[in-house]
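Peer 1: In case you want the letters, here they are:
2 protein chains.
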Amino acid sequence: MHRNPGPESPIGIFDSGVGGLTVVKAVRHALPGERILYFGDTARVPYGPKSQVTIRRYAEDDTQALLRHQPKMIIVACNTVSALALDVVEHAADPLPVLGVLEAGATLAVEVTKNRRIGVIGTQATVCSNAYAYAINRLDPQIEVFSRACPLFVPLAEEGMVNDEATRLIARQYLLPLVGEGIDTLVLGCTHYPILRRVIEETVGPAVRIIDSAEAVATRTETMLMKAGMLASRTEPPVPHLMVSDLPQKFGSLYRLFMDSEMPDVELVEV
Amino acid sequence: MHRNPGPESPIGIFDSGVGGLTVVKAVRHALPGERILYFGDTARVPYGPKSQVTIRRYAEDDTQALLRHQPKMIIVACNTVSALALDVVEHAADPLPVLGVLEAGATLAVEVTKNRRIGVIGTQATVCSNAYAYAINRLDPQIEVFSRACPLFVPLAEEGMVNDEATRLIARQYLLPLVGEGIDTLVLGCTHYPILRRVIEETVGPAVRIIDSAEAVATRTETMLMKAGMLASRTEPPVPHLMVSDLPQKFGSLYRLFMDSEMPDVELVEV
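Sequence lines, in order, name chains A and B. 132 is the number that numbering that gives the first Met the number 0 gives to position 133 of the first sequence; each next residue is one higher, with no gaps. 47 is the number that numbering that gives the first Met the number 0 gives to position 48 of the second sequence; each next residue is one higher, with no gaps.
The following block holds chain A by itself, in its conformation from the complex (with noise of 0.2 Å):
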């Protein structure tokens, strides 16, 4: 069905939104030569308050919208399928190699930790599917995760309020009793809390180490492909192709802010 792909097809990554920009972003940052495929399905975000059947099957058409143009591997930036669907896109993608963004996170923060104990930041939904502890404490049943949903941050860094008294005061807010359990790790749990990290090491001080799940996906990205003989011999960073499953108000500045570039075309795909 598929040519095989090779060093030269691009990486596929997909999101239930924009927010799976910050690991596209990692990724160019890590590997300036790939070819980026990104599908963010902005009809149907947000995948974390939907029922496990829904977001599995949401799950199935992100890849196949991913696999009609060839990619040579795809990665997960969605915490939500990645907690919740990742053996559908592996099924779904075989025999290609898949990447998700949780299982990233939480190995990088399970090598870090020197005291184990993890914080864990992210969504409601994130936080109530226990995944990233699970994750976790499968590596290292040892290790103690504790766990905050921070509603405010999505819409705070979609409001570009990365530097803000308002932004300051719901940091504390959230963060100050994880630190007060004695963390020295805190995972950024969601792929839109990049945006506040300046705000976020501020709150947590020096001595937490901060892991970003979408840099820690691609240094894994980097290591996948070197090993297979699969990195890209392009020097000249490629224009990303964007999809989106709708042209959400606002998309352009989301963009410039996740991105610290101006928008190329977008092309509108149907789910």
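Just so you know, these hints were derived from the structure itself, not from any lab. Careful: at least some of the hints might be erroneous.
[To be verified] Below, a list of computed lysine-lysine pairs in the BS3-like style, where the Cα atoms sit at most 25 Å apart: (1) A:K249 to B:K49; (2) B:K24 to B:K249; (3) A:K249 to A:K113; (4) A:K49 to B:K49; (5) B:K49 to B:K249; (6) A:K49 to A:K226; (7) B:K49 to B:K226; (8) A:K49 to B:K249.
For chain A, the structure is supplied; the task is to place chain B on it using the hints.
Peer 2: Relative to the frame of chain A, chain B by itself:
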């Protein structure tokens, strides 16, 4: 098809999610003897960013969910449906009377303003649809409407941050430019916003009259039922009949926040 509804039949109210509970609360306050039937389409919230075709299909589904329980009238508590699909509801519910929250708020604002400068706040989708400005100018083309999207107000309300410094800072950022335009009337064009009414009032000051669309639609409901001889004769406030399409996390605490009372049983319906 339907039995003829009588004065003791319920008032049907629907919204895309929990926000419409502010309308339930206002109607119960104005008409404590009425039975209330509420449907919140919590599986498909939010409607705002979706296409008009999809919103019109959802409006039909929501109306049918209420019609199965033989209401005597229908209140559209959802600003998005009021703006884009009120005719769909009217057609499906015919010959029952239908009231939309948007028209009720717009009409009251036009009655109240003295200097003909009205502010409207709502979600990005409501503000971009320009529906309040259109409804207001249809009643009085001389009125100047100043709109502002306040995307953080819904999550701040849902977090219960009704008396926080962060909320005050954000309210100032959103509302002071409207006050600077010399408005004398401010429409709360989103069903969540009454939760933050105190902060909003403090921010805009006593010279600006707040129009709560939920209260406005409750007043119109009372007038309409009275004229039609359809007011219920009960004196004991009956427990609302709640239906949702998905049971969201935190539904119980949101219900308490919106209604100031404990949540009754909730029926899960498929749409």
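Peer 1: Would you mind marking each hint as holding or not holding in the structure?
Peer 2: Comparing the hints with the structure gives:
1. A:K249 to B:K49: holds, 14 Å
2. B:K24 to B:K249: Distance of about 19 Å is within 25 Å: holds.
3. A:K249 to A:K113: violated, 42 Å
4. A:K49 to B:K49: holds, 16 Å
5. B:K49 to B:K249: holds, 24 Å
6. A:K49 to A:K226: Distance ~37 Å between K49 of chain A and K226 of chain A Cα, so the pair is violated.
7. B:K49 to B:K226: Violated, because 37 Å separates the two Cα atoms, which is more than 25 Å.
8. A:K49 to B:K249: Within the cut-off at roughly 14 Å; holds.
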